[in-house]
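Novice: Take a look at the letters that make up each chain.
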Amino acid sequence: MIKIALCDDEAKFLNLEKELIAEYFEDKGMSYSVESYSSGEELLEDEVLLKMADLIILDVEMKGIDGISVAKRIREQNDKVNIAFLSAHMNYSTDGYHVRAVRFILKTMDDIKDYLFECLDCVVANLDLIDKEITMDFSIGKRSLKIKDIVYLRTVGNYTTFVLSPDTKENYMIRYTLKKLTDMMKPFDFIAVSSNETVNLRHIKSVTRYMVSLDNGEEIPVSQKKYNDVFRAYTLFRGKIA
Amino acid sequence: MTDKALSIIITLIKIIIYYIFLKCVLKRKAEKPLGYSLLAVLYILEVAAVFFLNVFFIIKILVIAVLEIGLAIPVFKVSFKKSLLANLAFTGILYSLEFSAILIFDRFLNVKGLSQITMNTAFIADVICYFIILGIVFVLNTVFRKGALTNLDIKGWFIFAFFPLFTLVAVIAIVFSYDAQSIMDIYYSLFFLAVGMLVLNILIFILLDNVVKRESEIREKEIMLEQAEHLNQMYRSLSDEREKQKARSHDYINNLNVMLMLAREGKVDEEIRYIEEQLGREMQSVDVINTGNTLINAVLNIKYLEAKKKGIIIPFIADNLTGLKISDSDMVTILTNILDNAIEAVEKCDEKRIIFKIIKDYDSLIIDSTNPYVGQMPDEDSFETTKTDKKNHGFGLANIKNTVKANNGNCFIDTKDGIFHISIVIPLA
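Going down the list, the protein sequences come from chains A and B.
The working numbering numbers the first residue of the first sequence as 1 and each following residue consecutively.
The working numbering numbers the first residue of the second sequence as 1001 and each following residue consecutively.
These are calculated hints, taken from the structure and not from any lab test.
For clarity, every value in this text was computed on a predicted model and none was experimentally measured.
Cβ atoms here follow ideal geometry from the backbone N, Cα and C, with glycine treated the same way.
Every clue listed holds true.
Label pairs and their in silico Cβ distance ranges:
#1 K80/A with C1349/B: 31 to 37 Å
#2 S1329/B with E26/A: 45 to 51 Å
#3 D229/A with Q1233/B: 33 to 39 Å
Per the computed footprint, the stretches of chain B lying under chain A, defined by three or more beta-carbons under 8 Å from a beta-carbon of chain A, are:
#4 1287 to 1294
#5 1309 to 1320
#6 1363 to 1370
Work out the full structure: start from the sequences and follow the hints.
Specialist: See the structure below:
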């Protein structure tokens, strides 16, 4: 279930937004909950919600604490929650964007529906991806792994081993060829960097000739033949998630 | 006509083709008038060598080679090494072709018991060889000149190849459709026919070459015009904005006066209504997206309005983009081309959305755009427009890629599951 917090000091818009959110999730047949607040102060008092929410939608131009300041305060407590702004303008010229808002939703009568729905699509897809798991028969037994926790796959003899972050100290080995696993993991943004390793693009910090630096501190050599493919996939992926 | 006269003509053709060959391989032109006079000198000396050294076959070849290599150096202003290599390539192709042509002719005619005309068949063999070399020169010329190959479509290739091939086939057909005696009778008319066709081929080759060159020049000019037009559009919108701003400042004073008057008269409700009205108007007139970079704002806002009219939404994701060091015209080229392509593609889709990002990440600028598409979208390799209306749409992707390259950046495209995704990274340092 997706938990949404909505904060807008204009009752007219607040109701409209609630209706639209209901329409969106009912159309999709998804379960959801919406808590609405009419000021930033009120929202910030609800600490439980701030920890639990999946998406917080904030009006930028509010009386009292404005939406941007509210977002900054939320970020101090919750680094992961999706934040979206409601405003008649997408103003990136101030510091607002440093709170890493997913979207600016245009708050005008003829735009709000389209932009709100697009934002919800984006958040739903993000949440889906974060929790995505694969289940496999490892040599230590059947286990489920979150895609985002897999850093890379490496060939060890007839086996392929999964390197995870954070490290679980368990040995996730499977009697599959790396090639087969690479094909399986490709839809989840994995790329072969050499004939021995396939890396999760989420964990790449940088790509140089001929090395990838990973966010767990490791560096893995990239084969000369694969360099162009790796650099291309990394650039496209970085653009997509940026 | 004597063999000597034939030699004079054959040598002339050879020098011309040698010149075209060098011009294309060395990618240089002879300088007027010095280059051309030296070529004339080369011609005279070579004819002399053919006349006086014919008995000493090896010496003749060596002298001709020295002349050709030596004189090509000042004509094309190249090093000895390059001239030597080019000459070796030319002579190599020429002799191997000549040799095989003579062998084929000899064999063919010997079968018919006609070996007595071997001497004359050598000339026909020569002419045929020059045709083949001309073909080789053309291919080299096309491959070596940057972009020329991509400019030439199948029709162009066909026209280019048709003339020499047709001539070759025609000459061979004519030669073999006569028996030995009649060939001797019409030998000279046949020879002149062959030479005439050769000259015709050279002329057509030059003509077509010029057409291709001009076409690529026109294309370049069109791209430049398009860029200028984009830039103009942005500047116009900026100056419009300034005009509006001036009018707004003027209105502002009026509005304050009205509000003051209403306040003094105690008409609070009327004042509130008036302020709400003004506020609504102000809100509408302000730009939808603001990145702190005037030019980028202009482009994005124009495209936002354009998209809105077509029912397309663009959630812009941006950063504070003040102080970018990429030139205005490059920026406009990249952004307008990406957004124009995207808007055009999305128009035909049910899901009318373009997700557009322009953000700073560490030390680079990332421009990233995704949109759904139906039908054909260009893939990464072609980078050519697939639009039929080239005149108005320009050369979209090729243009983007060139501009990104000029800024030391990288540009990648992915088309998967009906989603077009372009990602650009330009270093900012």
